[in-house]
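Starting from the given sequences, assemble the full structure and let the hints guide the process.
Line by line, the protein sequences give chains A and B.
Note that the first sequence covers residues 1 to 173 in my numbering.
Note that the second sequence covers residues 174 to 502 in my numbering.
Computed list of lysine-lysine pairs in DSBU-like fashion (alpha-carbon distance at most 30 angstroms, straight line):
1. A:130 x B:417
2. A:33 x A:2
3. A:130 x B:416
4. B:334 x B:306
Residues of chain A placed beyond 10 angstroms of chain B at every Cβ, according to the derived structure:
5. 4
6. 7
7. 9
8. 10
9. 11
10. 19
11. 31
12. 60
Think of the hints as simulated: they come from the structure by calculation, not from any bench.
From a predicted model like this one, the values you see are computed outputs, not experimental measurements.
Virtual Cβ for every residue (Gly too), placed ideally from N, Cα, C.
Residue strings, one per chain:
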Amino acid sequence: MKQEISALMDGELFEDEVGYFLDRLKQDPAARKNWAAYHLIGDVLRQPEHIHCDLSAKVRERMHDEPTVFAPRGHAAKQKMRAFALSAAASLSAIGVVAWMSLQIGPEAAPQLAMQQNAMRPVNAHIQGKTNDYLRAHQEFSPGTNMSGSAYFIRTVSYGADEIQMRNNPGKQ
Amino acid sequence: MKPYVAISQMLLGAFLLVAANAQAQGGESRDGFEWLKAMIVAEHQTDYSGVFVYQHENNVDTSRITHVIEGDGEYERLESLDGPRREIVRHDGHVWGHHDSGRVQVDSQQGMDKFSSLLPEQLSALSTNYQAKLLGMERVAGYNAQVILFQPNDNWRYSHKIWVHTDSGLLLKAAVLGAKSKLIEQYTFSQLQIGGKIDRSWVKPSASTGLNGSDLHQQMEAAKTEIPVNSGWVVDVLPPGFKKTREIQRLMHGNHEPVTQIVFSDGLSAISIFIELDDGDEDDMESLSSWGAMSLYHKVVGKHLFTVVGEVPAYTVMRTLDSIRHSGK
Numbered sequence: 001m002k003q004e005i006s007a008l009m010d011g012e013l014f015e016d017e018v019g020y021f022l023d024r025l026k027q028d029p030a031a032r033k034n035w036a037a038y039h040l041i042g043d044v045l046r047q048p049e050h051i052h053c054d055l056s057a058k059v060r061e062r063m064h065d066e067p068t069v070f071a072p073r074g075h076a077a078k079q080k081m082r083a084f085a086l087s088a089a090a091s092l093s094a095i096g097v098v099a100w101m102s103l104q105i106g107p108e109a110a111p112q113l114a115m116q117q118n119a120m121r122p123v124n125a126h127i128q129g130k131t132n133d134y135l136r137a138h139q140e141f142s143p144g145t146n147m148s149g150s151a152y153f154i155r156t157v158s159y160g161a162d163e164i165q166m167r168n169n170p171g172k173q
Numbered sequence: 174m175k176p177y178v179a180i181s182q183m184l185l186g187a188f189l190l191v192a193a194n195a196q197a198q199g200g201e202s203r204d205g206f207e208w209l210k211a212m213i214v215a216e217h218q219t220d221y222s223g224v225f226v227y228q229h230e231n232n233v234d235t236s237r238i239t240h241v242i243e244g245d246g247e248y249e250r251l252e253s254l255d256g257p258r259r260e261i262v263r264h265d266g267h268v269w270g271h272h273d274s275g276r277v278q279v280d281s282q283q284g285m286d287k288f289s290s291l292l293p294e295q296l297s298a299l300s301t302n303y304q305a306k307l308l309g310m311e312r313v314a315g316y317n318a319q320v321i322l323f324q325p326n327d328n329w330r331y332s333h334k335i336w337v338h339t340d341s342g343l344l345l346k347a348a349v350l351g352a353k354s355k356l357i358e359q360y361t362f363s364q365l366q367i368g369g370k371i372d373r374s375w376v377k378p379s380a381s382t383g384l385n386g387s388d389l390h391q392q393m394e395a396a397k398t399e400i401p402v403n404s405g406w407v408v409d410v411l412p413p414g415f416k417k418t419r420e421i422q423r424l425m426h427g428n429h430e431p432v433t434q435i436v437f438s439d440g441l442s443a444i445s446i447f448i449e450l451d452d453g454d455e456d457d458m459e460s461l462s463s464w465g466a467m468s469l470y471h472k473v474v475g476k477h478l479f480t481v482v483g484e485v486p487a488y489t490v491m492r493t494l495d496s497i498r499h500s501g502k
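Take a look at the structure:
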């Protein structure tokens with residue numbers, strides 16, 4: 001197997017052998033580990049300053065560190081502090097990253113990441129609408145708006161679409 | 174917009190630009206504030222189009238920005254290049270938003286300062302609250318940039334680091350730094366075209382959005398609901414150097430009850446305080462959130478809902494909110 005990995009990396013396997021080998025790679029975790037190790041060795045040999053190591057474990061670790069969104073409801077919880085994502089756009093881009101990562105990491109890690117993503121979904125479109133009202137009202141008078149022009153509106157462009165959706169969907173409010 | 178206002182603004186801008194250039198050539202000792210002045214003029218007077226990356230926390234967004242000067246003023250367009258298509262067009266204090274389904278959101282930001290330069294009082298506030306340090310030259314998006322750090326005299330606000338193109342004066346990169354130089358948010362051009370042939374087909378927003386002019390006008394008129402007031406609300410604890418720049422009443426969230434907004438600024442950042450009657454909405458419980466450099470805190474106090482928003486650390490908005498009181502009592 002190790003010889004085949006080496007041969008494949010050097011482009012020395014025939015086409016039908018490649019198909020067979022990739023099938024085995026899919027089924028055999030040990031083979032995948034070898035495959036990664038060989039690439040790491042190759043990377044180190046070629047460019048020691050840019051070492052590509054296995055990111056999947058680190059990505060998973062980072063996802064664990066992501067803040068969980070709490071959405072307590074009702075007056076009883078009034079004193080509780082709540083953290084929520086200011087914009088659904090942030091989570092949209094996070095979903096994009098998850099999709100991208102699942103391509104990078106392989107099938108076994110992806111469902112886990114997707115589940116975490118669900119747990120982090122922002123709480124409530126109504127709150128976000130209100131929050132965006134404040135943000136926009138503030139930006140009207142902030143000196144930053146005058147200084148960097150539209151670039152400052154990057155925060156606005158991210159929430160624009162959410163708000164439009166909300167306005168088109170009064171039932172949500 | 175009255176033409177003479179535009180002309181006088183252009184003249185003022187041109188004058189400042191010339192003055193700044195003269196200074197740069199003459200003494201070579203343009204300090205950080207003069208760079209900032211030149212940059213603000215350039216931002217408003219230059220045609221440019223480029224792609225920039227905006228990073229905050231663990232998010233990275235790529236957007237294209239285009240800015241052109243037409244006969245009736247500046248037009249700016251910001252498009253998201255990642256994820257769902259989002260776009261805004263800004264002109265003369267108005268903002269148009271589009272997305273995939275073609276629906277349009279019209280906003281009037283008539284409160285937006287149209288000054289294409291730093292006001293003297295803003296400059297003096299800036300130099301009191303921040304130290305400007307020239308950090309040498311760096312290359313950004315293929316251009317040479319002067320790096321300037323605006324460092325606050327206390328921990329109530331963030332540091333701002335800017336990379337300004339030495340020739341055009343355009344902002345090429347900007348970073349907001351927290352305690353121990355922790356990166357809070359950053360905006361960097363990865364590609365930028367200055368001047369030359371720039372696509373202007375999007376410039377007529379009313380045509381591209383499918384709204385006819387009168388609709389647009391009506392919506393804008395409806396949005397003009399900001400009335401200067403003296404509400405009697407005061408804030409006892411504000412970071413040093415923050416001065417009140419505005420106190421208005423406005424309609425928000427489609428409600429009929431006006432909301433009082435008081436804005437304080439230290440020249441570089443601002444803090445807005447919103448005071449409204451608590452409508453018993455259970456979503457209005459105490460909450461603290463932040464997005465990039467922006468922090469937002471709101472809380473029901475007595476019969477009122479207080480909201481404090483600003484490009485300042487979270488503890489600054491919290492302390493500010495807790496010191497709001499009505500002077501009449």
